[in-house]
Amino acid sequence: MIKKVLRPPLTFGERIYILGVVRGVLVTSRHFFRNMLLHIAHRFRVKSDETAAVTFQYPEQRRPFARRHRSRHRLTKRQDGTPRCVACMMCETICPAFCMFIVAGEHPDPNIEKYPMVFDIDYSKCVFCGLCVEACPEDAIRMDTGILEISAGSRRELIYAKDRLLG
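Start counting the sequence shown at 85; every next residue gets the next number (my numbering).
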């Protein structure tokens, strides 16, 4: 069954869009002049308790991020340089974007059961939710590199392998 929804007809002002454009220009102008006057007032040490918008001149000037900010993944290492990952597949299982691919293998050290022979993250699919970090029982994966610029010329270059994640 299809339900038809009748919408009220547009008024004259809504049909010509002029009022909407004027309202948008007024909002933008109000923000611009408020910030400009506050920056001038701050120069003369007046109204220093009110904050004004600040523009960061990227890439020369980096924006400070919170400690809990999620950036590119990295795999942590043991003392001997091998990955801490035990290939339990919890991160791959919990990933909502299905961007992780792990293949487990037997570790040569008898004290360690498994290790990831293949550990890939496809950044063309990753949504940076951080669930993989929370699910890891070994604290083997983290998102604290501070690297935000993840770009490539092709989709294949956005697949980061284990050696690239360890570095």
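Some hints here could point you the wrong way.
Cβ-Cβ distance ranges computed for the label pairs, FRET-style [unchecked claim]:
| hint | residue 1 | residue 2 | range |
| --- | --- | --- | --- |
| 1 | ARG107 | ARG152 | 14 to 24 Å |
| 2 | LYS87 | PHE117 | 46 to 56 Å |
| 3 | ASP206 | PHE149 | 50 to 60 Å |
| 4 | PRO192 | ALA150 | 36 to 46 Å |
| 5 | GLY237 | PRO180 | 39 to 49 Å |
Note that these hints are calculated values from the structure, not bench results.
Please read all numbers here as calculations on a predicted model, not as lab measurements.
We put the beta carbon where it would ideally sit given N, CA and C, even for glycine.
Hint-by-hint comparison with the structure:
no.: 1; hint: ARG107 - ARG152: 14 to 24 Å; result: violated, 37 Å
no.: 2; hint: LYS87 - PHE117: 46 to 56 Å; result: holds, 47 Å
no.: 3; hint: ASP206 - PHE149: 50 to 60 Å; result: violated, 24 Å
no.: 4; hint: PRO192 - ALA150: 36 to 46 Å; result: holds, 40 Å
no.: 5; hint: GLY237 - PRO180: 39 to 49 Å; result: violated, 27 Å
Consistency note: the structure conflicts with the earlier hints numbered 1, 3, 5.
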